[in-house]
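Engineer: Assemble the complex: chain B is given as a structure, and chain F must be docked to it using the hints.
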Amino acid sequence: MAGAGSRRGRRAAGSGLALLLALSAAAGAGAGEGVPEGAGPLVPRFVEETAAAGLEHRYGGEWEYMVGGGVAVFDCTGDGLPELVLAGGEGAASLWLNRSAEGGTLAFAHAEAGVEATGVTGLYPLDVDGDGITDLALTRVGANLLLQGRGDCRFAPAGDAWGLEGGDDWTAAFAATWEAGADWPTLAFGSYIDRREAAFPWGSCTANRLHRPAAPGERRFAPPVALAPSFCALSMLFTDWDRSGRRDLRIANDREYYKGGREQLWQLPAGGPPREWTEAEGWRRLRIWGMGIASRDITGDGYPEYFLTSMADNKLQRLAVVPPAAPDYDDIAFALGAIAQRPYTGGEVRPSTAWHAQFEDVNNDGRADLFIAKGNVSEMPDFALRDPNNLLLGRADGRFEEAGDRAGVASMETSRGAALADLNADGLIDLVVVNRNAPAQLWRNATAGAGNWLAVALRQEGANRDAVGAWIEVRTAGGVQAREVTVGGGHAGGVLVPWHFGLGPAAAAEVRVIWPDGAAGAWLPATANRTLTVARDR
Amino acid sequence: MQMLRITAAAVLAAALLALPAAAGGRDDAARAALTDWYRLVLELVRHTPTYSPPVAARALGYLGVAAWEAEAGGEAGRRSLAGQLNGLGEGPARAAGAHDAALVLHGALAAAVPVLFANTGPTGQRAMAAMAARIGARLAEGVAPEVAARSLAHGRAVAAHILAWAAADGGAVVENMGFPLVWTSGGRPESWVPTSLIVQQQTPLLPLWGDVRPFAMPAGGACPLPPPTAYSEVPGSAFHAEAVEVWQVSRALTEEQKLVARFWSDDPMLSPTPPGHWIAIALQIIDRDAIDDGRAREILARLGIALADSFIACWHSKYAYDLLRPVTYINRLIDPGWQPYLITPPFPEYPSGHSTESAAAAAVLTALLGAPFAFEDATHEDDGLGVRAFASFRAAAEEAGISRLWGGIHFRAAVERGLDQGDCVAAHAIALRFGEG
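Top line first, the protein sequences correspond to chains B and F. Letter by letter, the first sequence follows residues 1 to 538 of the numbering used here. Letter by letter, the second sequence follows residues 1001 to 1437 of the numbering used here.
In isolation and in its complexed conformation, chain B is listed as follows:
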């Protein structure tokens, strides 16, 4: 956490970032261009193993499925290798058991698991009922669903038992948190266009739904509250943006369809109705084609930065002032080479369309990298049709460097959701991408010479067993890395796996957990290249 307050320039052009901005502008470049050869980070090597791994899945459908297409990654067999559940759109969602050998090539086997709903746009893993078995939230075109994990990768509908009123909207965004003292989660489902307004859909955004717990001990949800106004959400994230211990709800909204809308940040006062942060309180009006949210403290100031995917230029938001008194953010994407505005390979000059984004350290050098799934909405002529996915590598100077083509993940398919996770327990982050109307793709990270790593799993008794809302800090000679444990964000999918940290050359690290209620654990020693499970009060 940053100590004494520091005032950054309110706007990047007037701040110490001006030189970087000028350099970027002079290069006329998108991400990574103009970086001298040999000065960059280790470029990872990804090997596509979709066919060899046996993964055969397609997210398909027409207009109602132009958004969505998520993937959930979590371990439901208990073997330490995470499974995949992929949204199918008009087709069925499907679960794929992880049969990979540790450190070996990837292998998956399809299994009937009770997840095979149609109309699914997104999936997020979380343990709703605190039984230690991961459940699933499904966003849909139609009623949203909660599936209870029954063990051994079996799932059964639980929405009725848990009081979830799933509605009948077009939904592709989701986030979850546990409010202070709650024994049951709070869920947010983000709605999109009124799909019945085909001839005039603009301005028809349906209401986002906030499901808060019923009375303590009831273990069910109260009737949902409309998060009004709603502006066609495509990503949501509960996040402790100011490290206050309170988690507010960020919503990325698609300006294509709203009227009078903006990006949103909601507070959930205890016992009171949700309240939106206002411009007068410092939340600047930002109107983008908001499609995805990725968060990570990439500047080392102890506060999360937020990468917001959009069409053409993407945003990377950093607090204007730390410690913050207001949610006032500067956009530092241009300065840090993280614009990812148009294809960097393939010859297209038209702007890109970005969806899922996720920070992970793919070369274990101790710096977060950023993957962005790209793909045209549906043959929009103003935007690139051959739109490669991005892999932006974090550099020592704080900037990002494009390496998607060199790393082997520059797929030209029409991508939507994705997940980065270690799928074969070798400490290297692998990749799965869901494409629209095309097969999903799977890559194994086969990087030679990557740094050391550490994965941290959290456990606490009672509700919120996975400690969603906690902060994990990992300290090495290279500094402190901090990441927030969240359920939500990305585009239409998320991971619930041990949280990964690259350590660079460090053979050991210290780990501290700030639990969701704010209690700070002790610094714990950890040797590199293993998964460390931190159980509260043990």
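Every clue listed holds true.
Label-pair distances were calculated between CB atoms; the ranges are: (1) F:R1433 x B:A198: 39 to 47 angstroms; (2) B:V349 x F:E1141: 41 to 49 angstroms; (3) F:G1186 x B:A228: 47 to 55 angstroms; (4) F:A1252 x B:T533: 54 to 62 angstroms; (5) F:A1241 x B:R196: 52 to 60 angstroms.
Partial pick of chain B residues on the chain F-facing surface, computed with a CB cut under 8 angstroms: (6) M66; (7) A198; (8) F200; (9) E256; (10) R350; (11) P351; (12) S378.
DMTMM-like mimics (lysine to aspartate or glutamate), calculated; alpha carbons at most 20 angstroms apart, straight line: (13) F:K1258 x F:D1383; (14) F:K1258 x B:E279; (15) F:K1258 x F:E1245; (16) F:K1258 x F:D1382; (17) F:K1258 x F:E1381; (18) F:K1258 x B:E281.
For the record, the hints were derived by calculation from the structure and aren't laboratory data. We put the beta carbon where it would ideally sit given N, CA and C, even for glycine.
Structural biologist: Below, chain F without anything else, positioned relative to chain B:
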């Protein structure tokens, strides 16, 4: 005068549900089809990134001409614009037999809109198809099939004629949303430089738009302007004083001035753009006063022509003078940390496009509807910007102009000279002969 306010979305929703063809005969049916198509077009403008203000104005110009020409030579005695507009030749002859004016119009618009807005996304494509089907079905009720087919065919032929004419104007193909991949700065201290952090906007928008063939003006440079105030960095100079005015005004903006700045901001992809705003004003008046089909077509055609020409004239001047924006000058010489209230558009400053096009629109509407002509403007009501009332079109144009100074993105000279330029542009549109007289 009745001061009825109806939001665009509400009007369209009601139109599509109620099928107003039965409300007042074929004239009302034709007018409803006209305004329904236009309201859809304003949404397409908003939701298609290619449609920066000049490009949108061009499309609105051709759409208005297509709607007018659909009935030119018909029973109503409307004079064709062939031979009056630059490069527009005689249109297709009508086949023998009766025609239904509403279906001819619909045939023309249903054929022209998908071409003029081909770049729109899947939602816009669906909406165009749905609109064509619904209006077509509505208008065909009670019309003999052979008449309907003949009418639609003639409308499509008119559209093809207009689209062929449009294809040769130099503005039909817009690459990279209008931002050239290569741009060389003027290199003078007063030259425009990028003001945006958006990568695409490191080059200026549509630098050759002043060469696009105008509709009614003889050439892009037909409404020239005096040079902007002589550039100087010396405190006390006239140019420095203009910059100080922008800076000082911006630091003391009232809430009303902020509202006005946002009301007229009309940002691309977040609004129907400035030309679409004036079309929206016209549509509200057409609805409010139940203006008949023929008059409504003339209003939209003359207005579209004036708007299209005003952006050609304005862009011609912008790139002739290549002047920097206030934020560049003020950051360089007065206040390094200053930022304008509005987002600075990515192209040269002089003159103000809002001022040119608003003055042109106001002059055309005044010529057609008189002065004073009080109206309320609910264009942005759905976006939470409320409704503004004006005593005249000119008053609205002047407010649109000064809003750009309050927004911190234009010097006063650009506003005042822009209004002058708009008057000049409008005179060419007003001089067109639409009737037989």
